[in-house]
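2 protein chains.
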Amino acid sequence: MNKIIECVPNFSEGRDKQIVEKIADAFSAKDNVKLLDYSSDADHNRSVITVAGEPEALKEAVIEAVGIAVELINLTKHSGQHPRMGAVDVIPFIPIKNVTMDEAITLSKEVGDAIGEKYNLPVFLYEKSATQQHRENLANVRKGEFEGLKEKMLSPEWKPDFGPLQPHPTAGAVAVGARMPLVAYNVNLNTSDLEIATAIAKKVRHIGGGLRFCKAMGVELEDKGITQVSMNLTDYTKTSIYRAHEMVRMEAKRYGVTVAGGEVIGLVPLEALVDSVAYYLGLDNFSIKQVLEIKLME
Amino acid sequence: MNKIIECVPNFSEGRDKQIVEKIADAFSAKDNVKLLDYSSDADHNRSVITVAGEPEALKEAVIEAVGIAVELINLTKHSGQHPRMGAVDVIPFIPIKNVTMDEAITLSKEVGDAIGEKYNLPVFLYEKSATQQHRENLANVRKGEFEGLKEKMLSPEWKPDFGPLQPHPTAGAVAVGARMPLVAYNVNLNTSDLEIATAIAKKVRHIGGGLRFCKAMGVELEDKGITQVSMNLTDYTKTSIYRAHEMVRMEAKRYGVTVAGGEVIGLVPLEALVDSVAYYLGLDNFSIKQVLEIKLME
Chain A
20 MNKIIECVPN FSEGRDKQIV EKIADAFSAK DNVKLLDYSS DADHNRSVIT VAGEPEALKE
80 AVIEAVGIAV ELINLTKHSG QHPRMGAVDV IPFIPIKNVT MDEAITLSKE VGDAIGEKYN
140 LPVFLYEKSA TQQHRENLAN VRKGEFEGLK EKMLSPEWKP DFGPLQPHPT AGAVAVGARM
200 PLVAYNVNLN TSDLEIATAI AKKVRHIGGG LRFCKAMGVE LEDKGITQVS MNLTDYTKTS
260 IYRAHEMVRM EAKRYGVTVA GGEVIGLVPL EALVDSVAYY LGLDNFSIKQ VLEIKLME
Chain B
20 MNKIIECVPN FSEGRDKQIV EKIADAFSAK DNVKLLDYSS DADHNRSVIT VAGEPEALKE
80 AVIEAVGIAV ELINLTKHSG QHPRMGAVDV IPFIPIKNVT MDEAITLSKE VGDAIGEKYN
140 LPVFLYEKSA TQQHRENLAN VRKGEFEGLK EKMLSPEWKP DFGPLQPHPT AGAVAVGARM
200 PLVAYNVNLN TSDLEIATAI AKKVRHIGGG LRFCKAMGVE LEDKGITQVS MNLTDYTKTS
260 IYRAHEMVRM EAKRYGVTVA GGEVIGLVPL EALVDSVAYY LGLDNFSIKQ VLEIKLME
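Those protein sequence lines, which keep their order, are chains A and B. All residue numbers for the first sequence refer to our numbering, where the first residue is 20 and numbers rise by one. All residue numbers for the second sequence refer to our numbering, where the first residue is 20 and numbers rise by one.
No lab work stands behind these hints: they were computed from the structure. Among the hints, a few may not be true.
Given that identical chains are not distinguished, each listed pair holds provided it fits within a single copy or across any two copies.
Stated by the list, open to error - Computed list of lysine-lysine pairs in DSSO-like fashion (alpha-carbon distance at most 27 Å, straight line): (1) K22 to K272; (2) K314 to K49; (3) K314 to K36; (4) K169 to K22; (5) K314 to K137.
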């Protein structure tokens with residue numbers, strides 16, 4: 020695959036495995052689309068599918084999956100801990116390889132347009148695709164959830180970007196948009212004192228005057244007798260792994276606490292690793308095309 | 020491709036482009052084999068082809084390429100600066116992905132057996148495939164070159180592992196073996212004094228009491244007004260990039276010289292980079308399967 024976009028659609032069904040598998044099937048055995056993972060949570064009554072592919076092929080598969088979800092998931096009978104406003108709740112597109120953010124935004128709009136029209140589903144563009152600033156944040160778009168959607172959409176502020184002006188009777192509405200890949204990165208601390216971990220997290224994160232694209236919280240690892248600063252880096256091209264790591268180390272010094280090591284959770288784009296190795300080794304002109312495995316893929 | 024072996028055969032023709040292209044063609048448009056690069060040097064009168072593929076497919080393509088070279092290259096008429104003993108001078112196999120060194124050794128022996136038989140070509144196994152210690156080092160195997168081969172092979176010490184007991188009249192003999200991938204890594208120094216760079220190189224390298232799998236020399240970068248320690252890491256799984264880098268930094272301190280940065284030359288296995296990022300960030304359980312691009316390849 021030359022161009023790759025990742026998509027992580029969230030579906031409001033986490034208990035009926037047959038339904039989840041039917042949706043996931045839309046991504047299986049398709050040319051130029053690869054189903055990477057899917058997982059369901061019964062308490063949340065929600066499933067998250069991770070898929071990647073060539074833009075056009077991915078678009079077709081996502082449209083197909085949305086159709087299946089609209090048909091099989093009925094929000095009027097849905098309960099679960101996780102907030103939701105639609106059968107398909109949110110569809111983020113993430114540029115991965117040879118794709119710009121603008122291309123991912125364009126794809127998200129094409130998908131929004133298609134599913135609005137085809138399934139009579141109101142679509143709100145969010146994150147980088149948002150057409151109005153108050154729609155960038157998913158929590159804002161989803162506020163009021165499925166049950167509050169009908170009234171919320173009466174306001175011109177919440178006129179959808181695509182699809183009908185009122186919610187789909189059983190499938191609600193959906194947020195579609197483009198965003199950067201998240202990097203989940205934790206730094207373990209040589210202290211069992213959660214207060215210290217929390218204090219460091221507050222310094223490191225954006226809202227505490229820290230790094231622009233860093234969310235962070237203190238976490239206790241009881242079995243290990245240590246704590247950690249657990250972080251989400253929402254734009255690793257600007258807030259790199261090494262910057263988050265070194266800032267935790269720097270803030271920890273105030274407490275006489277040392278860093279016990281870092282931990283990458285889940286998948287990470289190669290560029291995010293290369294960026295860190297380039298910092299520590301002082302590499303000037305290194306390109307990921309020099310990585311043998313990447314060269315072999317070309 | 021699930022299993023990948025790299026092969027970097029050297030051919031004793033660097034002037035006649037048509038011949039080089041005919042040999043390279045043996046690797047083009049083959050299923051499960053990828054021609055990564057080839058380059059010719061007219062002074063050396065020698066060409067190096069870099070190819071990678073699934074073991075079986077790669078084996079067939081290499082055997083085919085050797086046949087073309089034996090037919091088209093005549094060592095009795097060959098001159099060039101680079102030492103050589105055969106039309107195909109050396110064929111190293113390098114395990115890259117899901118392949119053990121033992122499997123690469125086995126493949127090298129299968130290829131050696133096949134080309135010895137098929138083309139009446141004496142084959143010496145070298146490096147990790149060597150059957151006798153004095154044949155591990157390629158320079159030993161090649162000593163005396165094409166012109167001295169007939170007399171050299173009279174000695175039982177130089178009975179070939181495969182093929183006839185005397186050289187091929189026009190194609191000489193070939194060394195075939197398995198080895199680790201080389202990592203070419205340089206560290207730039209904030210000094211224009213070549214003597215300092217050379218002194219550091221001597222400390223860092225194996226023969227000077229330094230790192231086991233490190234070859235190094237001092238080099239002057241005249242246009243930049245600095246020097247560098249230029250290294251070959253012959254087993255990056257044991258002598259990692261970060262170890263070489265930090266040892267150069269440590270030795271440079273003695274001269275009050277600082278490190279201006281590192282430089283990776285050519286291709287590098289992902290594992291070698293990950294190993295260094297894991298050192299600097301203190302990552303404990305990171306796997307290259309967490310790299311998105313690698314996950315996509317699975």
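The hints, checked one at a time:
In this assembly of identical chains, K22 and K272 lie within 27 Å of each other by CA distance neither inside one copy nor across copies; the values are 43 Å within and 46 Å between. In the homo-oligomer, the alpha carbons of K314 and K49 lie at most 27 Å apart both inside one protomer (24 Å) and across protomers (17 Å), since each shortest distance falls under that limit. Taking the shortest Cα distances, K314 and K36 sit within 27 Å of each other only across copies (24 Å), while inside one copy they are farther apart (39 Å). Taking CA atoms no more than 27 Å apart as the test, K169 paired with K22 passes in neither setting, with 39 Å inside one copy and 55 Å between copies.
Within a single copy, K314 and K137 get their C-alpha atoms no closer than 40 Å, and across copies no closer than 33 Å, so neither meets the 27 Å cut-off.
When held up to the earlier numbered hints, the structure conflicts with 1, 4, 5 and fits the remainder.
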